[in-house]
Structure formats: C-alpha cells, structure tokens
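**Student:** Chains A and B supply the protein sequences, listed in that same order. The C-terminal position of the first sequence is numbered 1291 in our numbering, with every residue numbered one higher than the one before it. The C-terminal position of the second sequence is numbered 1291 in our numbering, with every residue numbered one higher than the one before it.
No incorrect hints appear here.
Identical chains blur together in the list; that is why a pair holds if it fits in one copy or across any two.
Straight-line distance between alpha carbons at most 30 Å, and here's what the computed DSSO-like set of lysine-lysine pairs gives:
hint, residue 1, residue 2
1, K1074, K1192
2, K1126, K1152
3, K942, K1019
4, K1242, K1193
5, K1074, K1188
6, K1140, K1074
7, K1019, K1132
8, K1152, K1193
9, K1074, K1265
10, K1188, K1174
11, K1126, K1031
12, K1281, K1265
13, K1205, K1193
14, K1126, K1059
15, K1174, K1205
16, K1188, K1114
17, K1174, K1126
18, K1174, K1132
19, K1152, K1205
It should be emphasised that the hints constitute simulated quantities derived from the structure, not laboratory data.
2 protein chains.
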Amino acid sequence: MSKIVIAVDAMGGDYAPQEIIKGAVEVVQEADIELILVGQEERIKPLLNKEKSNLPLQVYNASQVVEMGEPPAEAIRFKKDASIKVALELVKKGVAQGVFSAGNSGATLAMAMFTLGRLKGVNRPALAGLIPTLKGYVVFIDVGGMVDCRPYHLVQFAVMGHVFAKYILGLPEPKVGLLNIGEEPTKGNELVKQTYTFLEKSPLNFIGNVEGKDILHHKADVVVCDGFVGNVALKLGEGVVESLITLVKKEVKKSLWAKLGLILVKNLLKNVFQILDYSEYGGAPLLGVNGTVIIGHGRSQAKAVKNGIKMAANFVKQDVNTHLEKGLQEHEALIPGKRWRKLAEKLKEVVP
Amino acid sequence: MSKIVIAVDAMGGDYAPQEIIKGAVEVVQEADIELILVGQEERIKPLLNKEKSNLPLQVYNASQVVEMGEPPAEAIRFKKDASIKVALELVKKGVAQGVFSAGNSGATLAMAMFTLGRLKGVNRPALAGLIPTLKGYVVFIDVGGMVDCRPYHLVQFAVMGHVFAKYILGLPEPKVGLLNIGEEPTKGNELVKQTYTFLEKSPLNFIGNVEGKDILHHKADVVVCDGFVGNVALKLGEGVVESLITLVKKEVKKSLWAKLGLILVKNLLKNVFQILDYSEYGGAPLLGVNGTVIIGHGRSQAKAVKNGIKMAANFVKQDVNTHLEKGLQEHEALIPGKRWRKLAEKLKEVVP
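Put together the whole structure using the sequences plus the hints.
**Tutor:** Written out as structure tokens, the structure reads:
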C-alpha cells in the first residue's frame, strides 16, 4: 500500500506558518506519512532547513491566506487561491487523502463542504469537538454551528459521532447521549423530544438524555446536539476556564504567600491542564464530507499540529468514511423518508 | 407604609428547614421585613428559639413537601398542600407580597405560573440566572427551560432582563446582548436572526450578538437566549467549575508540596470562589409572573437564603412588576401583533 498523503494548510492558525511547519516536520520524522505543505512558498521554504530536504515533505504554492476573522462567504468568493482551498482541492483531485488546518474554522468548514461535497446519506456534515475529561475524550457533536437542525440531522450526528468514537477513539461500544435540560424523555424542546424517539429505536448504544454537567462527568462517550447549542456551550466552557485563570492570576498578585503557594502547586496545575489540553488530540474532525478534514484550534502549536495531522492520517487508515456511510445506511429506515424530509425543509422556509 | 411581607418556603432546599430558618431569622434581625415561614409546623417550631418569639416571623402550616427530584406535573397534581404552593397562595391572596424558595425549581416555576398567572404583555415568564463575573453580575435570561421560543418571547426576555438589571442591580442603562455563535447580525439560527431585527429597533441599549465566552467577560449586562440554550449553558458552566475542583483535589493528593502550596493559596482560592459565589445574591428571579418569586439554589445555606429573601423584598419595594409591564407595553408595537403570534403558535403545533 502506498503512503498516506495529508495536505497541511501551512498558513492557517495564530502561529502559522512557523508552528505548523514545526509540527509537520515532527510528523514525518515520527510516522510513515507523506505531507504536502500548502501555502506561500516564499514564506514556507525559508523555514524548512536544508538538511530536511530528504524528508517526505513537499511544498505546494498557494498565493492567498484566509484571515482568522474573515467571513466564510467572502473567503469563498474572493480567495480561490487560499492555502486551505488549494489543500482541499488536492484531496478532491486525489493527490492527498486528507487535510489538516488550524485556520479560520468557519471558512474551512464552508470550503470543505463546497469543495468536497457530502458523503452518501449525510444531509449536513458536522464538526465534532473532543472534550477532555478524567475518563478520556467525549465526542461533542455538532459544535460547528449547523443551526436549525431537524431530528434526522441529529440522528445523523449521533451515527457519525458513534463511528468516530469507535474507529478513532477505539471504543468498541460507545455510549451515545442526547444533550437536554433534564433526564426524562419528556423533557426539552420539540427537536430533542422527537430525536429521542428515533434514537431509542436505533441500533446505537443510546443511553438517553444527558445534561450540560454530565458531559464533563463523561456519562456518555458521544453527546449529540444542535450546532447552535453545541457551539454556544463549547465557547462558554472555554470561557469559564479562561476566566478562572484570569481570576487566579489577578488574586495571586495581591500576596507573596499566594505566589509562593502557586509555585508549589505548579506541577499540580500542570497535570490538571495536561488533562484539559486540546493539543493531545490536536483537532476536531469534520464528519460527513467526502474526504478527511481535521480542524485544529486556532492557537495550535507544533504538538497540536502533529497530533492533528496524525489524526487525519488515522482517519484515512481506518477508512472512517466508509464506516460512516454504512452506519448512516443502517439508520435510513429509522428516520423519515427523503420526501418527508424535503417537505420539512420547505415548511421551515415558509414558517421560520 | 406597612411592612413588606415575604412568604418563605421553609421546606425547600438541600438544607431545609434548618438553614432556611437560620437565614430567615437573620433577615428579620437586619432588615425591616416581615416573614411567614411556610411548612410543617412540627418541624419548624422546634427550630425557632423561644427568645425569638418577639421577631416578626410567623409560621404557617403546610403539610406536604415537594421533593427535589419530583416531576413538576406530579407536584402540581398531588401536592396541593405543599409548602411552596401554600406560600404562592399567600401572595395570590395578598397576605404576602413575595415568595422565596430554594426547593425544586422546576416545580416552583410551574406552580408560580399556575397560581399567580402572568403579567400583562408576558407570553412566557422567564427565570433569570445571575452569573458572577469580575465586573459584577450578568443577568442571563432564560435559564428556566422555556423551550421552543419565538422571537417575540426573546424580545420579552430582553425587556424583563433590562428592567431587573436597572431596578435591582442598579444599572442606569444596562447593555443588552443576544447570545449567538458569532458577532455578525447574519450569524445564528432563524430564532436569533429574527430576534436581532426586533431588538435593533427597540429603545433598549442593545449591543448586538454576544458569544458564550463573552458572558463571563461581561460584554453585556443582560444576555438573552432561548431557555433550552440557557439551561444547557448554565449547567455546563457549573459542571466545568465542579470538574476543575475535582481535578485539583485528585491531583493534590499525589504530592505533599502541592498540599502545602494549596494551604498557601487558600485565601486566594477563597477570594476567587467568593466572586463566583451565588450566595452573595441568593437567588434567581422568576420574571413575568403576577407576583414576586425568587428561586434560590438548591444548595442554599443561611447566607444565600438571607440574600434571596432580601432580593424578594427589594423586588417588591422597587415595584419591579409595574416597570416590567410598562417596558413590555413600550415594545408591543415593535413585535408582531397578537393575531400573528397566535398563528405562529398554531403553525408550530402543526409543523413541530
């Protein structure tokens, strides 16, 4: 079998291109993966030492860069030669099998759907966040902002989260939970109440409703929700951690004893933050597109980049997309037929 | 003017009736408020010392107690003589002007709506969470699980949050934000996009969309959202804080130095948690019911009870409900008329 080839968006992320390239070099030194660094040649090449010229690392020129705050619609329209777009096209053409980017996640998401299209049986691809807990990672899907979902979208998210947890996280029978405001099946809004009735009948290991606090207690391995709720919740969770750190930093300045104390608990805090560290996994998979796309955190440094690229390669190796299509097919009979779904979409337009 | 009378649910909460009574006694010793302790006489009376018989504290018997996990629908049906129900009826009858309860919040909410009814101009009452930040409290509305909201519900939440922030938190011109997954007006689901267009035209100090992380950065004084999103977010936020504490406790056991360090940073942590402490405010107001109802945290101890009761009294004193009705009336012209709203509700039933 030939080597797995991953296209890396060398220009995406707060520390691009330096940390992206550093992470990429580490990958090819550690694993049997071939990489294509996509971006502005004149900025990438000087960062690759000459002695590294024998590594399986190519550079592929792309003249434009999508900025972090740039609206996805504008990026799609005006940046046809952006590094992320070119990287996705390499997958489309079959030159690479997967993409890793730590750049503008909204633009990556939109461009990936646009360039690669969807897998069979997928109405909307979804971004799965990996939430660190004491008992390993929880797959939280969707966090990518797939808003105004219908129950069959959530069922598809559940299937995709299940397949990812099984083949990439290595859980033989992942527990799937539905994010809700209470545990009883009668709780919640219309969306989750209807989704519950579908998931109940599915072959998945569905454990019922889980609440916000249950995510971190790892009650379920996969937590399913509408992209609006997921995105708000993810950002709030990050905000809480950031605020606590700010608070501690502010308070510690007031006392010498506290400063000394903090030095003593430094290792403890290091361990705590290692558990919370997203760079251990490196990225969030975009599930349901016809290709492999891993989206790294904007703040990704070399380690996160390395692990994100490895996840992309593993995704290809495990043939996750074939399993996704198979899983979705098994669920086709459970959820309303295409005609009904189309009608529901239409009605939603009429009655927003 | 006669004294403000607050009915206190003496049986509601994890530490009831002991801590509830302790808090109530502190209130009448500190402030010019009259209290009615509602609950099982035989359990309350032994906890009131004889020398306190001259305090403005009455006991009003109610034979039943709503348990913490009890489904609200069952409580309404089978517990007609529950302490919280009887307390609400005292308000209905005009014997008391407000209620404080740290009991089952779902049941309190449902019973309050059922017993007291709604203020004029309110389609759905909402529970406002008070989120502690470095710059004071943020009014986060709705956290009470008012799901499947329409834009006019969210507009009403915004008005109610604004009035509460103005008259109870004392902010002359509170900044109102809409919880969303991005800052641009085009972001989000249909609900928030439509709500945005209404709020833009309102006389409120509307600052636009805010994201999950912005809540804690106190970008807005009032953050408006659907009750599903708000309830999930609130519980997730609590979960993150709890998980961090668990992690630290687990790690500290591994090292003597860390233990020593933690002793030194104890005051620091105390200050941090004081900022995060809900007991400073004591409760979440239920806004839009025809009466004053403050819902305390289930874990409320004397201090939180005391502050919650004081908030109820202040709510009555500031005549918040009159201001609410006035504010809602000012917004009537902005949002679709009653007939359209009724049609929208009907359509939602047909097309869930």
